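Asker: Residue strings, one per chain:
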Amino acid sequence: MTEQLRDAATAGGDVRLTGIGKTYGDFTAVHPLDLTIPQGSFFALLGASGCGKTTTLRMIAGLEEPSCGTVLIGGQDVTALPPYKRPVNTVFQSYALFPHLDIFENVAFGLRRRGKKDVKKQVEEMLDLVELGPFARRKPHQLSGGQQQRVAVARALINHPQVLLLDEPLGALDLKLRRQMQLELKRIQTEVGITFVHVTHDQEEAMTMADTIAVMNSGRVEQLGAPAELYENPATTFVANFLGQSNLIPAEVTGRSGEDLLLSASGVRLAVPAARCTTEATRIHLGIRPEKITIAHASETVPDGRNSLTGTVSDSSFIGVSTQYVVRSEAGQEIAVFEQNMERDTRITPGAPVVLHWNPAHSFGLDAAQAIDAGTGEEAA
Amino acid sequence: MTTTTEAAPPQVIPLDATKPRRKLTAYWLLLPGIAWLVVFFAVPLVYQGSTSLQTGSLEQGFKLTWHVATYWDALDEYKWHFVRSFSYAAIATALCLAIGYPLAYTIAFKASRRWRNVILILVIAPFFTSFLIRTLAWKTILSDSGPVVGALNTLHLLSITDAVGLTSGHRVLATPLAVVCGLTYNFLPFMILPLYTSLERIDPRLHEAAGDLYARPFTTFRKVTFPISLPGVVAGTLLTFIPASGDYINAQLLGSPSEQMVGNGIQKQFLNVLDYPTAAALSFILMALILGMVTVYMRKAGTEELV
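Protein sequences appear in the order of chains A and B.
First residue of the first sequence: 5, per our numbering; consecutive thereafter.
First residue of the second sequence: 1105, per our numbering; consecutive thereafter.
What the hints contain is simulated information worked out from the structure, not anything from laboratory work.
These numbers were taken from a predicted model, which means no experiment stands behind them.
One or more of the hints may lead you astray.
[Claimed, not checked] Subject to a maximum C-alpha distance of 30 Å in a straight line, what follows is the list of computed BS3-like cross-link-like pairs (lysine-lysine):
#, chain 1, residue 1, chain 2, residue 2
1, B, LYS1243, B, LYS1183
2, A, LYS124, B, LYS1183
3, B, LYS1372, B, LYS1243
4, B, LYS1327, A, LYS120
5, A, LYS124, B, LYS1327
[Stated by the list, open to error] The following residues of chain B were derived to be distant from chain A, with all beta-carbon distances above 10 Å:
#, residue
6, ALA1146
7, SER1191
8, TRP1219
9, THR1239
10, ILE1264
Note that the Cβ used here is the ideal one computed from N, Cα and C, for glycine as well.
Whenever a hint applies, use it, and build me the whole structure from the sequences.
Answerer: See the structure below:
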């Protein structure tokens, strides 16, 4: 079964969206966008609800008619084709399993519609791949959420699609099962080599599974790249805040020293490598991830070559592997710090004066023209 | 340790006490329904049963003589009434399904939320007038000088229905067609509403999933929508067929004596001939036949297999 799926995968090609967009009356769900999803990749469309990610997926599936643009799958223009003529299959949110058919018939559905022979053997092999062999004669409602999810994947994969589309497939599962299924889906994708396009609002899920993530916001792709690249070099405040957590410190560029830009944040002198600054503007947001900051008592000395800020601890919470601090800087800004619980300084308690320092190469600069709280989920509408 | 064992008993006692009370509540809630059934269904049923086995006349009084032959005589005398009852009801049920399914489908999947309510109100709107008035209105509609006969004549359709035996003498009123039309019209809402309820519950994503899995729209209907709506089809056909086969108003007002159904026979025996045993026996035969047919039908439809 795996070999057959691999053959189907190599016969396929890239998914190319050119200028594809969707409007409903006055509302633009997806602004015209260009996207190329390379064959065999695990591609995630990540964004908050209503950002247009599901609409984009449905346009690839043929369930939604684009207002403009074209969809190409493996070089073939499928824009005008109905879903049942496209070489793609979808794993639906909440699975949409047929309640009147048993698991076997659910999985066999696509094969039977195309008049395939050898249905029994293929279905049995597919059920083995998703480890549901013994459940073939059960009805969907007799299975757990995780099992139903695997049926939905099997039902789509058995058709050897060139592209498998997954619409929030793990949204209905509890956290532990979701983690397990993420690895399971990743395993299946690696095994069969088919292009997976996965829609999710869960940034951790996207980072765990995908080779490439497209972060979407209000119908536009904000940034496209590998998970680590997006995390380390966010291009916009939205990506910085939505993908993980970021401290964004308003600062002004005051000069340049070698490879570094010199900054002043409410009078405190900081630096950021010019290469890690996505803007030429003089007013920027200096970004630093909470786990990249070292926290020390104010009496300690800061090693040379590191950016530092002083402040007082306003809150600390112990969460096992790490402790999360909220530090109020002298300029009055709240800065989050995650510190691994290795050698805890017992003096660092709420109210204690502290110094925060980090390697300038770990920080990044973003144009201050953007909303500083975009993507935090708390931004002013 | 000792403190916990001491603390436990007071918690256990109220828990035990509430259990039987909860069970009793269920019985109290059932009581009105059971009382209603006993007084208006079980008692009359037993009374009718005994009447059907009595002999005598109104003047001399009826006596329970276990005269089972009444059943055979009634069945023999009214066998064509039974045949008509069940065939008219079956045709009307089939027509209701043919008319009601597309309508229910449209309301459930195609109509906007606002139109959905409007159409549903229109479906039940006829109930605001009495059954009798509506059937009388059909008498006018189907009359010899009415629009239906005129239109059918122009289209030369009456020659066809005449040939098939649905109508006779180029008229509609007082023919089987008129009775079937009346039955179809009067019981249509009982078909549409359960169909709508079962269709409306179907997740539209199932249609998308079927389309995604290479089913064309008609295949999606045949393999997904219709099978899932089967409980509604079964409920609708039962709610139409059962009352239609016992109906006598439509045959009375829209038919002639040669279209009379069992209901007309029962009515005649009870109210005109005053032969109560025969009337009661006819009622029991009708009930038994319907029960038998429904049982076979439910077995065939296999509703328990469905969600």
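Asker: Hint by hint, say whether it matches the structure.
Answerer: Comparing the hints with the structure gives:
| no. | hint | in the structure |
| --- | --- | --- |
| 1 | LYS1243(B) <-> LYS1183(B) | holds, 27 Å |
| 2 | LYS124(A) <-> LYS1183(B) | violated, 52 Å |
| 3 | LYS1372(B) <-> LYS1243(B) | holds, 22 Å |
| 4 | LYS1327(B) <-> LYS120(A) | holds, 17 Å |
| 5 | LYS124(A) <-> LYS1327(B) | holds, 19 Å |
| 6 | ALA1146 | holds, 37 Å |
| 7 | SER1191 | holds, 32 Å |
| 8 | TRP1219 | holds, 19 Å |
| 9 | THR1239 | holds, 39 Å |
| 10 | ILE1264 | holds, 39 Å |
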